[in-house]
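Peer 1: With the sequences and hints as input, model every part of the structure.
In the order they appear, the protein sequences are chains A and B. Residue 219 in this note's numbering sits at position 219 of the first sequence; the count goes up by one each step and never skips. So the number in this note's numbering is just where the residue sits in the second sequence, counting from 1, plus 1000.
Bear in mind the hints are in silico, worked out from the structure with no lab data behind them. These figures come from a predicted structure and were not determined experimentally. One or more of the hints may lead you astray.
To be clear about the criterion: a stretch of chain A counts as covered by chain B if any three or more of its residues have a C-beta under 8 Å from a C-beta of chain B, and this derived list gives those stretches [stated by the list, open to error]:
1. 36-48
2. 106-117
3. 127-141
4. 145-156
5. 228-242
Using N, Cα and C, we set each Cβ at its ideal position, and we do this for glycine too.
Protein chains: 2
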Amino acid sequence: MNRQQLINLIRSKKSFLCIGLDSDIEKIPAFLKNSEDPVFEFNRRIIDATIKYAVAYKPNLAFYESRGIEGLKSLQKTMDYLENFRDECFTIADAKRGDIGNTSSQYARAFFDKPVSGFDFDAVTVAPYMGEDSVSPFLGFKGKWIVLLALTSNKGASDFQLIEDKTNELLFAKVLKTSKNWGSSENMMYVVGATRAEMLAEIRKIVPDHFLLVPGVGAQGGSLHEVARYGLSKDCGLLVNASRSIIFASNGADFELKAAAEAKSMQEEMSEILSGIGI
Amino acid sequence: MNRQQLINLIRSKKSFLCIGLDSDIEKIPAFLKNSEDPVFEFNRRIIDATIKYAVAYKPNLAFYESRGIEGLKSLQKTMDYLENFRDECFTIADAKRGDIGNTSSQYARAFFDKPVSGFDFDAVTVAPYMGEDSVSPFLGFKGKWIVLLALTSNKGASDFQLIEDKTNELLFAKVLKTSKNWGSSENMMYVVGATRAEMLAEIRKIVPDHFLLVPGVGAQGGSLHEVARYGLSKDCGLLVNASRSIIFASNGADFELKAAAEAKSMQEEMSEILSGIGI
Chain A
1 MNRQQLINLI
11 RSKKSFLCIG
21 LDSDIEKIPA
31 FLKNSEDPVF
41 EFNRRIIDAT
51 IKYAVAYKPN
61 LAFYESRGIE
71 GLKSLQKTMD
81 YLENFRDECF
91 TIADAKRGDI
101 GNTSSQYARA
111 FFDKPVSGFD
121 FDAVTVAPYM
131 GEDSVSPFLG
141 FKGKWIVLLA
151 LTSNKGASDF
161 QLIEDKTNEL
171 LFAKVLKTSK
181 NWGSSENMMY
191 VVGATRAEML
201 AEIRKIVPDH
211 FLLVPGVGAQ
221 GGSLHEVARY
231 GLSKDCGLLV
241 NASRSIIFAS
251 NGADFELKAA
261 AEAKSMQEEM
271 SEILSGIGI
Chain B
1001 MNRQQLINLI
1011 RSKKSFLCIG
1021 LDSDIEKIPA
1031 FLKNSEDPVF
1041 EFNRRIIDAT
1051 IKYAVAYKPN
1061 LAFYESRGIE
1071 GLKSLQKTMD
1081 YLENFRDECF
1091 TIADAKRGDI
1101 GNTSSQYARA
1111 FFDKPVSGFD
1121 FDAVTVAPYM
1131 GEDSVSPFLG
1141 FKGKWIVLLA
1151 LTSNKGASDF
1161 QLIEDKTNEL
1171 LFAKVLKTSK
1181 NWGSSENMMY
1191 VVGATRAEML
1201 AEIRKIVPDH
1211 FLLVPGVGAQ
1221 GGSLHEVARY
1231 GLSKDCGLLV
1241 NASRSIIFAS
1251 NGADFELKAA
1261 AEAKSMQEEM
1271 SEILSGIGI
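Peer 2: Structure below.
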């Protein structure tokens, strides 16, 4: 899915909601555990319940890898199911990969090269520590995106991301300035945590047009209105992610209804925000 | 495997060689491609041919993930096979993971928690960008290790790892100083590329006792003697990795012989180096 298609999707659904499929098998409703593949069954039902309200889904690889081969099968089935909604949602592999060039090329194939790996995500999250040649192999896939970590939502973000260099530039700002020339706003997004919304204004000065993937609203405590206030661009330019607050809104028989209600409530807030900028 | 066991292994094999199982299916000998699982068959033969000379094996996850579920099966069989050599080698999942706390916990299970994931590596490589709470969940597994990226062997290392802060400290040095207190030399190692051997002296001042995993000797051009000169500690403290230069020394019927010869040649150099410090 390209940038214009994503913007069209946001306009048509009046939403910039991304739902994180952090589908921990220990937290899904007990009655699903008799299914052939409980995690896939959970994901399928969550997708059906929320597809009207969400423009993106973001499986978090860790929750699948932790179950080894069985977990990867659940992920494969989930992505195959999402093929049915090819034009209705953007897909992000939240994998935080990054390695030397020949290795990053292999990771890119893992997420983008369906004939080889079975997976055909629109985007993958990438860590910047190893620099340009660890990132650029992902950008060689036409129509695919990377989402580079800039300023994350967790406490540990302050350990290194906020280090100031000699010119008073913070590391995350240096990452933005250096990396934005590796690709363009057509194939790169950035992760910026909602828990640091006030820094979005600074970030928008550096990358006015790039989409930002914003985790941290919901269970981590970030505010949607603060994120929108500082982070919106003229094309929206935001994908705000919620995971646990939607998918685990209930662990009972009503889990789909509760997930749908949470997603709808966020979509309604987003619709209001978007109408404020004429979208 | 704990630190003392690893040191004993280095003493008994007179080697600190780690072999990277970057087992690209497109590069393995053609005659193996009729096997039921060509990559596993390749790995099994490489292990058998080199186990006398190597103290560690490091499967590079990207080369397995790029083949999706089939790739993960090859990795699973490889690790199950390495169980036969439990006391004869240390195992490292080269995965460069790292995410917020609840997610890193899941990655730790993916590599360390065999009953859940099927995998039981001794160590996993971790990226530092997201800070302490992205790293510490891996340290909660008794007897397991992380290998944190400090100064990598690739060109892009200079994009961010060499940024100087206001006190003239380079980012990789800050990563070392900050992170060494998250664990100890009993459960943390660092990645330091052989292509920057001269910086090892500086690194040894910060982490005199930690093991360093050193990639970049071989195909990437680093020198074993330079690495040893600046990087050896009193307990050796080095695992020097070679991947392509050993496993793809030949792609013909003699590939095991050639891999063994390459590994033996490195082990002999290492034996000399170790005898210089009385090991």
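Peer 1: Take the segment 36-48 of chain A, compare each residue's beta carbon with every beta carbon of chain B, and decide whether three or more fall closer than 8 Å.
Peer 2: violated (count 0)
Peer 1: Take the segment 228-242 of chain A, compare each residue's beta carbon with every beta carbon of chain B, and decide whether three or more fall closer than 8 Å.
Peer 2: Per the Cβ count (0), the hint is violated.
Peer 1: Count the residues of the segment 145-156 of chain A with a beta-carbon closer than 8 Å to any beta-carbon of chain B: does the count reach three?
Peer 2: holds (count 6)
Peer 1: At a Cβ distance under 8 Å, does chain B reach at least three residues of the segment 106-117 of chain A?
Peer 2: Held - the segment 106-117 of chain A has 7 residues with a Cβ nearer than 8 Å to chain B, which meets the minimum of three.
Peer 1: Cut-off 8 Å, C-beta pairs, minimum 3 residues; does the coverage of the segment 127-141 of chain A by chain B stand?
Peer 2: holds (count 9)
Checked against the numbered hints given earlier, this structure breaks hints 1, 5; the rest are met.
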